[in-house]
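6 protein chains.
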Amino acid sequence: MTALHNQLGVVHRNIVRADAKATERLSHFGVATIHEAMGRVGLLKPYMRPIYTGAHLCGTAVTVLLQPGDNWMMHVAAEQLQPGDVAIAACTAENEDGFFGDLLATSFRARGARGLVIDAGVRDVKDLTSMQFPVFSRAISAKGTIKATLGSVNIPIVCAGAIVNPGDVVVADDDGVVIVPAALAAQVADAAQAREDKEAEKREKLAAGVLGLDMYNMREPLAKAGLKYID
Amino acid sequence: MTALHNQLGVVHRNIVRADAKATERLSHFGVATIHEAMGRVGLLKPYMRPIYTGAHLCGTAVTVLLQPGDNWMMHVAAEQLQPGDVAIAACTAENEDGFFGDLLATSFRARGARGLVIDAGVRDVKDLTSMQFPVFSRAISAKGTIKATLGSVNIPIVCAGAIVNPGDVVVADDDGVVIVPAALAAQVADAAQAREDKEAEKREKLAAGVLGLDMYNMREPLAKAGLKYID
Amino acid sequence: MTALHNQLGVVHRNIVRADAKATERLSHFGVATIHEAMGRVGLLKPYMRPIYTGAHLCGTAVTVLLQPGDNWMMHVAAEQLQPGDVAIAACTAENEDGFFGDLLATSFRARGARGLVIDAGVRDVKDLTSMQFPVFSRAISAKGTIKATLGSVNIPIVCAGAIVNPGDVVVADDDGVVIVPAALAAQVADAAQAREDKEAEKREKLAAGVLGLDMYNMREPLAKAGLKYID
Amino acid sequence: MTALHNQLGVVHRNIVRADAKATERLSHFGVATIHEAMGRVGLLKPYMRPIYTGAHLCGTAVTVLLQPGDNWMMHVAAEQLQPGDVAIAACTAENEDGFFGDLLATSFRARGARGLVIDAGVRDVKDLTSMQFPVFSRAISAKGTIKATLGSVNIPIVCAGAIVNPGDVVVADDDGVVIVPAALAAQVADAAQAREDKEAEKREKLAAGVLGLDMYNMREPLAKAGLKYID
Amino acid sequence: MTALHNQLGVVHRNIVRADAKATERLSHFGVATIHEAMGRVGLLKPYMRPIYTGAHLCGTAVTVLLQPGDNWMMHVAAEQLQPGDVAIAACTAENEDGFFGDLLATSFRARGARGLVIDAGVRDVKDLTSMQFPVFSRAISAKGTIKATLGSVNIPIVCAGAIVNPGDVVVADDDGVVIVPAALAAQVADAAQAREDKEAEKREKLAAGVLGLDMYNMREPLAKAGLKYID
Amino acid sequence: MTALHNQLGVVHRNIVRADAKATERLSHFGVATIHEAMGRVGLLKPYMRPIYTGAHLCGTAVTVLLQPGDNWMMHVAAEQLQPGDVAIAACTAENEDGFFGDLLATSFRARGARGLVIDAGVRDVKDLTSMQFPVFSRAISAKGTIKATLGSVNIPIVCAGAIVNPGDVVVADDDGVVIVPAALAAQVADAAQAREDKEAEKREKLAAGVLGLDMYNMREPLAKAGLKYID
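Chains as they are written, first to last, in the numbering used here: chain A, -3 to 227; chain B, -3 to 227; chain C, -3 to 227; chain D, -3 to 227; chain E, -3 to 227; chain F, -3 to 227.
One should not assume that every hint holds.
Capping the alpha-carbon separation at 25 angstroms, the derived lysine to aspartate or glutamate pairs in DMTMM-like fashion look like this [claimed, not checked]: (1) E:K17 <-> E:E75; (2) B:K198 <-> A:D123; (3) F:K122 <-> D:D193; (4) E:K220 <-> D:E75; (5) B:K17 <-> B:D210; (6) D:K220 <-> C:E32; (7) F:K201 <-> F:E216; (8) A:K143 <-> B:E195; (9) D:K220 <-> F:E75; (10) B:K122 <-> C:D123; (11) A:K220 <-> F:E32; (12) B:K194 <-> B:E32; (13) D:K143 <-> E:E75; (14) C:K143 <-> A:E200; (15) A:K194 <-> A:E216; (16) B:K194 <-> A:E200; (17) F:K224 <-> F:D210; (18) F:K143 <-> C:D123; (19) D:K224 <-> F:E32; (20) C:K198 <-> B:E75; (21) F:K224 <-> E:E75; (22) C:K143 <-> A:D210; (23) C:K143 <-> F:E32; (24) A:K17 <-> A:E192; (25) E:K143 <-> A:E216; (26) A:K143 <-> B:D210; (27) A:K122 <-> B:E75; (28) A:K143 <-> B:E75; (29) C:K143 <-> F:E216; (30) F:K220 <-> A:E216.
For the chain B half of the interface with chain F, some residues (derived, Cβ under 7 angstroms), not all of them [said to hold, decoys possible]: (31) P64; (32) A89; (33) D93; (34) I142; (35) A144.
Calculated from the structure, these hints are not laboratory results. Glycine is no exception: its CB is placed at the ideal position from the N, C-alpha and C atoms.
All chains, please: the whole structure from these sequences, using the hints.
Okay, here's the thing in structure tokens:
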């Protein structure tokens, strides 16, 4: 089974989801930590924002390619969602219409979905907040959509500048959204843990007044780069 | 009495406000519902955002046309406000200065106004939030304005892409802002009620796991449009 | 000692900070009030926003000039921070990477810093919020930065459209960010106080239903400017 | 016949076009001159740009309301075009797809249309330039559109911030696009002529070194406003 | 050999380029035609613009991943360029610095490269225009870059919203930029030719006054969709 | 004489202009070269664009601070212009109105001015192009301005992100706009010449097929930084 990027009119029913345990481990780390643990790649652009403060999600990607002003594929995607999945949607053109609201959220939740990431707009944010259904979007808009044109489900997509393959791990929090390729989930969780282990110690030192200049041995490289102190 | 669009230097004292009861009925619906009930028209652009989470307003429009960096007409508008009105302001050029703050809000509230929609900036947001005076704007800016150039009050304006006639109903919530022409207020309230009545049933079904694909009978049209499922 | 604007690779250790008492007095006024008290100058552009609602800071500027994607100078700046200072950072190019997070905030706080203003991105906003460490930025981004290129510390910078000299007073709240030149701090505090004294009285009148048209004697100048009332 | 703003699914066949002679007279003036002659109203937002340098058009408006990603209504509009008309199109959502190319331009020209103004994208700009078919748009995009959803033709629309009624005069040049209400066409042409008559004399004086300060008698009002000269 | 998306610090020397003859055939079609021939996919976002009117390029992709403010990888890429290639570059963060100028263009041309597509800024546009070296970019900026941080060459990248694999065909003209996967080059050239063959006939009919409504048999589906004509 | 940044309502008549000979020398270099010669500082943001291709200017700065929608100070500035000067204008708020057209250009040219740089809009671009009067602006807009509020002339301003002091050298071409502090003009001209001398030789080598990798000795530092070549 090969899924072509951006092919229109197809739904892939069988996708290889990231390992459930590795996905669960990743849910305990912040997006910034995971992004660093991956070698500073995998982030969506920073215009993707949570619709309410504190929204957080981690799950396996069911990808959706939408047409502007048309949310037909969201209903097709609902059927492909399994417990632990996150729907992640891109649009063939820049569009900020409200493709998703409380009815679809009810349906997605009934399927076991953990949230939505969408490079477009959503609506019913008051209800979505009451439901504590986490959504990360580029816009909030009351504008409704039609159901007339085919997109696709579970093909590779580009969402807010990042490549997402079906089954990848999607993690989102107040700092943004990061994609972890399914095959790397466990390895990235290890690296994130290692990174976090070191941070506690660093935080303690910095809180005690030790300077990063000394803790990271920056004085010599700064001097070598030519930094001049002037009194 | 004919009011010309965008004419400068006039104040219309007598405007035909939407029926009070219909306006009251509209206040119980969300913006997304009203927009759908109107046939998907009437929305302001989604860059219009509430200055605090949960802000909500519904009332009859007193329109204001401002000049960039000049809020003189806000004071002229204050006198035209009646209980139940909403001030809705546009600017002759794109401008994000802070045209409105807690003093004007105090005055508007004393007049019985229910809030402000402005395609420009406002300030004193902490105070406005304490007052729970709902404002929807394109920006927040501390920058003050002068009082030197005439605009108009109660002429038809274009606000964030929508035509607003004095007396129209303005409804705003977390999802955005919608304008209901005065003459259609009751009819739109009926349509919104009808729409909402159906939503409860749909929500229940979706929560029980019924798919939109089945509830909306989408499988056949999707197949006809050529959607292919790949295993 | 003369510091050149935008010179790269220098750190000025001795800067003249605004008077501590005047700075303290300024902390009691809102940004909008201070901006008016200065004659409507000194504001940063309105895209600078607090990372959490209610963030507020007032202190003396330690300026930082960053290179895109590189936060090396933040560590150099940490050493120059004294109790009561605010770090204020610009970048040589428009860049929304996350230059600052909870570790640097821990270090800055240990030095006595009162917060950060940065014309770029920050991350770890959940932690920064828990710490109640006030930050005003143009973006939130999980994207990390490197430490490879020299900028400068304590030179004059342009931050979000405003000139900032080291030692100036930086005041920020929900309405934005304003810079008060060090030499003018006391004088601006006086003017802000005078302005605020008058506002209470005005607010009371407006709340009682007096119109701004009458309170500010606008009717005559409006008529003179040609305003026409139409019944 | 009353046409509702933004109503979907209707085509008005009978519209009242501005007087042909007045329209012809307006074609001799620049957009800036006409905008001033109208009292500084009627302009579209400045993001509307010609697709080639020197593009210029003047004609009576046939309005088109499009849905995002769908140019079906352009074909419906073609039939309503008469010699001397200009098609002017808005979209129900912000969308930069390419709704118009050389085939539609060929059809529009065959109908006698003088050009297109569209608050969206167009394509085939090389061919349109060769044809010298003037187009003013917000974007250029190769992205094609579908033909699936109804908009309307010859209803009042908001295009790039301006209200346009069918039959109004549309004038566009390098400086932008302005709308002259049909009923005012002759009157605005008169005012534009009067304005232009005065400009030649002013230009001559200024070229001879006379200062605007003196020619417009600004020195006294400047002094009165408090301007201070410092040597 | 497997190239990971966005991996930093690697250069793939051996890439599979699209068939030379198919690439040559594609160079004769416009971007809009190719995009339609591919089923309306493969376009970069419309903010990518030629630096001079009439710029056009078609060649096989050598991909470059840059760090913000750093053009080191452009020099690494130069060595990988072969006659008929096009360099196509993305950046790990949004950045409009001038990563490319006349010296690099001289080097790229000496290697046989046909042009550059870059989701960032370039400079020396006067010289590049004199050289008729086609460049499509998001910005023009005199701002120079450093050479300090590793990116990669010939890995899959996301450029202005589109996935580009090394060896894909890149076609760009006044309408934008489109990517044709290497394996589909011949097939897309066939489809583009078929499409173009039909256009000549359509153009002739439309020029003769036949309406698209009739040529495309739209009247019935429009009526079925509910379009109403009002006299 | 000390001029305060952004002070409103003042005109400084006596400013220290950069040395005429040094200014003349700078006029022979491109903006990118000068920016590099200054140590990569001094550029205005890249949204500043010439209104016609090939526009170029170099002269001493007469600075103008404008209020939004008000061009009164342009007339005040005209009197301060001397042969060889360039007017450079900022606005107290972001504003894209057309502050400048062919009449002011006629006046400025009569005073000997070499052009205009303005962080706002201009109009009459067809006439300005015919006059070959070079203008660099953020926007083109037919929208007129009033003459009601004081700004200042010849105070330090921030224009498109750069500090400009009266008398500084302003250089602008297709790549952007750069400011050279008056005191550094000769020194920067020397550095620009030295830089340009080296470029000819480099260009020749690169044209002959020598790689930057070898010419700049990059292979070792790249390997040290960890770059991996994969066959």
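Verification of the supplied hints:
no., hint, in the structure
1, E:K17 <-> E:E75, "holds, 24 angstroms"
2, B:K198 <-> A:D123, "holds, 15 angstroms"
3, F:K122 <-> D:D193, "holds, 19 angstroms"
4, E:K220 <-> D:E75, "holds, 18 angstroms"
5, B:K17 <-> B:D210, "violated, 39 angstroms"
6, D:K220 <-> C:E32, "holds, 21 angstroms"
7, F:K201 <-> F:E216, "holds, 20 angstroms"
8, A:K143 <-> B:E195, "holds, 18 angstroms"
9, D:K220 <-> F:E75, "holds, 18 angstroms"
10, B:K122 <-> C:D123, "holds, 23 angstroms"
11, A:K220 <-> F:E32, "holds, 21 angstroms"
12, B:K194 <-> B:E32, "holds, 13 angstroms"
13, D:K143 <-> E:E75, "violated, 47 angstroms"
14, C:K143 <-> A:E200, "holds, 22 angstroms"
15, A:K194 <-> A:E216, "holds, 23 angstroms"
16, B:K194 <-> A:E200, "violated, 57 angstroms"
17, F:K224 <-> F:D210, "holds, 17 angstroms"
18, F:K143 <-> C:D123, "violated, 50 angstroms"
19, D:K224 <-> F:E32, "violated, 39 angstroms"
20, C:K198 <-> B:E75, "holds, 16 angstroms"
21, F:K224 <-> E:E75, "holds, 14 angstroms"
22, C:K143 <-> A:D210, "holds, 14 angstroms"
23, C:K143 <-> F:E32, "holds, 22 angstroms"
24, A:K17 <-> A:E192, "holds, 19 angstroms"
25, E:K143 <-> A:E216, "holds, 20 angstroms"
26, A:K143 <-> B:D210, "holds, 14 angstroms"
27, A:K122 <-> B:E75, "violated, 34 angstroms"
28, A:K143 <-> B:E75, "violated, 47 angstroms"
29, C:K143 <-> F:E216, "holds, 20 angstroms"
30, F:K220 <-> A:E216, "holds, 19 angstroms"
31, P64, "holds, 4 angstroms"
32, A89, "holds, 5 angstroms"
33, D93, "holds, 5 angstroms"
34, I142, "holds, 6 angstroms"
35, A144, "holds, 5 angstroms"
Checked against the numbered hints listed earlier, the structure breaks hints 5, 13, 16, 18, 19, 27 and 28; every other hint is satisfied.
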